[in-house]
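Visitor: Sequence:
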Amino acid sequence: MDIVFIEDLRIDTVIGIYDWERRVRQTLSFDIEMAFDNTVPAASDDISHTLNYKDVSKRLMAYVGESSFGLVETLAERCAAIIRDEFGVAWVRLKLSKPGAVRGAKAVGVCIERGKRPN
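Residues 1 to 119 (the numbering used here) are what the sequence shown spells out, left to right.
No lab work stands behind these hints: they were computed from the structure.
The model shown is predicted, which means the values in this text are computed figures rather than measured ones.
A portion of the hints provided could be inaccurate.
As the list claims (entries may be wrong) - Cβ-Cβ distance ranges computed for the label pairs, FRET-style:
id, residue 1, residue 2, range
1, Pro99, Ala43, 16 to 26 Å
2, Pro99, Ser48, 17 to 27 Å
3, Gly70, Asp46, 41 to 51 Å
Stated by the list, open to error - In silico lysine to any residue, SDA-like type, Cα no more than 25 Å apart, as pairs:
id, residue 1, residue 2
4, Lys54, Ser97
5, Lys54, Val40
6, Lys106, Thr27
7, Lys116, Glu77
8, Lys58, Asp19
9, Lys95, Ser57
10, Lys54, Ser29
11, Lys116, Ser68
12, Lys116, Asn52
13, Lys54, Ala35
14, Lys54, Arg22
15, Lys95, Ala43
16, Lys106, Arg22
17, Lys58, Ile47
18, Lys58, Arg84
19, Lys106, Asp85
20, Lys58, Val40
21, Lys116, Pro99
22, Lys54, Pro99
23, Lys54, Phe5
24, Lys54, Lys95
25, Lys116, Arg78
26, Lys98, Ser44
27, Lys58, Ser29
28, Lys98, Thr27
29, Lys95, Asn38
30, Lys116, His49
31, Lys106, Val72
32, Lys58, Arg25
33, Lys116, Gln26
34, Lys116, Thr39
35, Lys116, Ile3
36, Lys106, Ile6
37, Lys54, Asp19
38, Lys98, His49
39, Lys116, Glu66
Think of the CB as a built atom: it goes at the ideal place given N, C-alpha and C, for glycine as much as any other residue.
Work the whole structure out from these sequences, hints included.
Guide: Spelled out as structure tokens, the structure:
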């Protein structure tokens with residue numbers, strides 16, 4: 001199994017359950033790993049055969065930037081579903097970090113895996 005990854009994709013959005021969080025935009029960080037067979041694009045050297053990480057990033061930036069969820073758990077689930085459904089990814093690991101949310105911690109958040117990880 002090959003992995004296509006996106007590391008530290010930063011997106012500003014409205015996220016949180018507290019009143020003050022609903023009035024400001026916060027920066028979230030995404031680390032994403034997606035299962036993809038890279039042998040075909042490697043053999044053809046053709047970007048149309050790839051899992052295009054730029055397209056995935058742009059789609060998530062548009063979606064997250066316009067979203068307004070209370071929980072990072074909900075946002076993580078929705079993003080994983082977009083990646084799997086729209087880009088045909090069988091397995092995804094998504095880590096969503098909310099930097100500065102807890103005093104003394106660099107970041108907090110969730111890490112989820114969805115789908116069946118190919119061998």
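Visitor: Verify the CB-CB distance for Pro99 and Ala43 against the hinted window 16 to 26 Å.
Guide: 40 Å, violated
Visitor: Lying within 17 to 27 Å: is that true of the beta-carbon distance Pro99 to Ser48?
Guide: Between Pro99 and Ser48, where Cβ atoms are some 35 Å apart, the hint is violated.
Visitor: Has the given pair, Lys58 with Arg84, been kept, meaning a C-alpha gap of at most 25 Å?
Guide: Holds: Lys58 and Arg84 sit about 15 Å apart, inside 25 Å.
Visitor: Between the alpha carbons of Lys54 and Ser29, is the straight-line distance 25 Å or under?
Guide: Status holds; Cα separation ~16 Å.
Visitor: Given the hint that Lys58 pairs with Val40, test it: the Cα-Cα distance must not exceed 25 Å.
Guide: Measuring from Cα to Cα gives roughly 23 Å; hence the hint holds.
Visitor: Are the Cα positions of Lys54 and Asp19 separated by 25 Å at most?
Guide: 34 Å, violated
Visitor: Next pair to validate is Lys95 with Ser57; report whether the Cα-Cα distance is within 25 Å.
Guide: At roughly 14 Å apart (the allowed maximum being 25 Å), Ser57 and Lys95 satisfy the hint.
Visitor: Going straight from one Cα to the other, do Lys116 and Ile3 come out at no more than 25 Å?
Guide: It holds: about 13 Å lies between the C-alpha atoms, which stays within 25 Å.
Visitor: Need the status of pair Lys54, Ser97: alpha-carbon distance at most 25 Å?
Guide: Roughly 20 Å between the alpha carbons, so the hint for Lys54 and Ser97 holds.
Visitor: Between Lys98 and His49, is the straight-line Cα distance small enough, at 25 Å or below?
Guide: 33 Å, violated
Visitor: Need the status of pair Lys58, Arg25: alpha-carbon distance at most 25 Å?
Guide: Between Lys58 and Arg25 the Cα gap is close to 18 Å, so the pair holds against 25 Å.
Visitor: Measure nothing beyond the straight line between the CA atoms of Lys54 and Phe5; if it is 25 Å or shorter, mark the hint as holding.
Guide: 11 Å, holds
Consistency with the previously given hints fails for numbers 1, 2, 8, 11, 14, 15, 19, 21, 26, 33, 37, 38, 39, ordered from lowest to highest.
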